[in-house]
Amino acid sequence: MTGLVWGLKSLGRHPLRTALSLAGIAVASAMLLDMVMLSGGIEKSFSELLLARGYQIRITPKGTLPFDTEGSIPRTSEVVRTIRAEPGVEAAGAVLGTAVYGRTRDSLVTLFGYGIQPEAQGIYQVTAGADLAPGDTLGILLSETAAGLLHTSIGDTVTLAGRLDPQIASASVDRRLVVRGLVRWIYDHRGQPSVGTVLPVMQRLGRDAAADPGSLLLVKAADDRAVDNLAERLRERFPALEVNSVAELVVQAKRRLVYFTQLAYVLGGMSLIVAVLLVATLLTITVNERLGEIATLRAIGVSRGTVVRQVLAEGVALTVLGSAGGILLGLATAEYLDAILTSFPGLPATFSFFVPRADTLSLAALVLLLTGSLAGIYPAWLASRAPIAATLRAEAT
Amino acid sequence: MTLVVLQGTPPAASTTGIAVERAVAERLHLAVGDTVRLGATPDSLRRLAVVSAIYEPRPDPAEISRRSSRVRLHLPDLAVLLGAPDRVDRFGIGLVPGVSADSGVTVLNRSAFGFRAHPSAVIASESSQTFKVVSRFHRAIAVISIVASAVFLLCIMLLKVEERRMDAAVMRFVGVRRRTIFGALVLEAALIAILGSVLGAALAFLAGSATNAYYRRFFDTELVFSLITPRILWFSLALSLVLGIAAGAAAAWRLVRIRPMVLWGRA
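Residue numbers (my numbering), protein chains in the order written: chain Z, 1 to 397; chain W, 398 to 664.
Read the hints as simulated data drawn from the structure, not as lab findings. Just so you know, not all the hints are guaranteed correct.
[To be verified] Over the 12 Å line for every Cβ pair with chain W, so calculated as not near, a few chain Z residues:
no.	residue
1	17
2	35
3	284
4	342
5	360
6	392
[As the list claims (entries may be wrong)] Ranges between beta-carbon positions, derived for each pair:
no.	chain 1	residue 1	chain 2	residue 2	range
7	Z	70	W	597	28 to 34 Å
8	Z	381	W	560	46 to 52 Å
9	Z	106	W	624	29 to 35 Å
10	Z	327	W	540	51 to 57 Å
11	W	597	Z	393	26 to 32 Å
12	W	436	Z	229	27 to 33 Å
13	Z	236	W	540	39 to 45 Å
14	Z	172	W	474	24 to 30 Å
15	W	540	Z	389	38 to 44 Å
16	W	542	Z	320	53 to 59 Å
17	W	572	Z	302	22 to 28 Å
18	W	493	Z	99	28 to 34 Å
19	W	477	Z	226	27 to 33 Å
Glycine included, every Cβ here is placed at the ideal spot set by N, Cα and C.
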């Protein structure tokens, strides 16, 4: 009989005790799974979000992160032209973010306006209708929410107003635009009413167009391996701007969300301790109960190694069975916890905190299996050290 | 806004006074009386300013993960610096006693154009959304932890009581009643639960102190990150006691129903 089958049979002798232990290990391993997903999820999700359209470098006003402040880059068109001329640059585009207002029948609706260069954009995906053509100063793109607020659909005309002046109770700029398409803005939070026009139109609506402002520049390197080198060159070329590769932005985002990563490590560690304690306690008591049986086996010639293997196999069986239930439980709780955390105000709708990653999950499974096995070391040592004659004599009386 | 530190530059008559946040002053090695150059962009650092004060901002959880560097200027100085005279981001309005914030907001929004009025309570509620989410997350984690602890406790109590099989058998042989054995086992479970709870509370205080010390240092703030209130303490003690006694009682009930010879292992 192999050690594993022996271990399973031994566990089956006390079904209630085994079931409770398995439940405990399942909850602990579910927590461990969730925390492993949380610790690596932020990084993976943020990285995927930033690379959604393949642009690996972001350029912002000095000392800021994208859309962190109202600061803007002056003379955007000139900067974009210079960047596009750099060797190794496949595409570069500017984005301006500003508040604009949409006119409905009897009031104004506040909207978030993106000024874009359609030939090089990395912040939206068209879901219906057509994209803007470069230089299309009469067209507009809407998010589903903005379309709902303005009661418009593709082909309709909307009026945007910019720079409201409370003293003369009027808008400084008005613009009638035709809805070309509906889009999903990648970095929008849930329900954000956003609209997009070509850059010059949004500059006129939102800011001083003469300064040619932009909030953010996106740069796509022709070769992924040359991103760091290109970012360094752009940093030297534009010392008054903040140049960040996606990898650097991910590091900064992780720093901001460091609390969750550390919480994941602490709770993951505690889950491991709980699982180890459960396995070790159960096996120790089981071994103590079966000392007579173990002494008999030793007396008829079963080797010390076989006894040790049997106890260790029992620990592994407990861990594996408990973890199997833990995976299902962990996936369900991860979904619930993710729903809570993704309701953070201002977080992009596509962002996720609990993301399964093959490498971290494999590592967690390995650590769990290893610690489950290690938990059996003490009871296995107890079993192997049991004095045969004394134990048998004690059993007989 | 951009700031450049100038060392050894004598302040001119037209310099502006600025107050610098303590963390920024430490990072840039600034002291009161130092001169800096200010501008809206890095290539327009035209205005000289003298550090007239260094201040410690009120601890604000909403600002904790933002690593922005802050200085304070008088409003007209900032407006000149930004080239946006007579322009502000927001107003604070104090109402005379007896006027409700909601009615004031309604009147302002009816006549307003280009701005929107909000009651302070609504802004406070909106700006605390982040902490409500974190709080909900902590509660969910706490529920999972309680479930895990309950199962763990039940398991341990079951094992602990089962260890007493021989004792229970002997007691039954010498005529001790089931009820007495049951009571003794439950009492033992309660004692273990109390001791465990007290140890757990001590551990929680230690962990809380370590958490506060670490995150205060990490975020350079005076905020309290872990707070064990008497209510939390009593709730935890009561919960672990109830769970411990319930688990002990369930295990003891199972044990006293078994015949003594079976407990003795001779049936």
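Here is what the structure says about each hint:
no.: 1; hint: 17; result: 6 Å, violated
no.: 2; hint: 35; result: 9 Å, violated
no.: 3; hint: 284; result: 9 Å, violated
no.: 4; hint: 342; result: 9 Å, violated
no.: 5; hint: 360; result: 19 Å, holds
no.: 6; hint: 392; result: 15 Å, holds
no.: 7; hint: Z:70 - W:597: 28 to 34 Å; result: 49 Å, violated
no.: 8; hint: Z:381 - W:560: 46 to 52 Å; result: 20 Å, violated
no.: 9; hint: Z:106 - W:624: 29 to 35 Å; result: 49 Å, violated
no.: 10; hint: Z:327 - W:540: 51 to 57 Å; result: 20 Å, violated
no.: 11; hint: W:597 - Z:393: 26 to 32 Å; result: 42 Å, violated
no.: 12; hint: W:436 - Z:229: 27 to 33 Å; result: 31 Å, holds
no.: 13; hint: Z:236 - W:540: 39 to 45 Å; result: 53 Å, violated
no.: 14; hint: Z:172 - W:474: 24 to 30 Å; result: 26 Å, holds
no.: 15; hint: W:540 - Z:389: 38 to 44 Å; result: 52 Å, violated
no.: 16; hint: W:542 - Z:320: 53 to 59 Å; result: 23 Å, violated
no.: 17; hint: W:572 - Z:302: 22 to 28 Å; result: 41 Å, violated
no.: 18; hint: W:493 - Z:99: 28 to 34 Å; result: 32 Å, holds
no.: 19; hint: W:477 - Z:226: 27 to 33 Å; result: 44 Å, violated
The structure fails to meet hints 1, 2, 3, 4, 7, 8, 9, 10, 11, 13, 15, 16, 17 and 19 from the earlier list, while all remaining hints are met.
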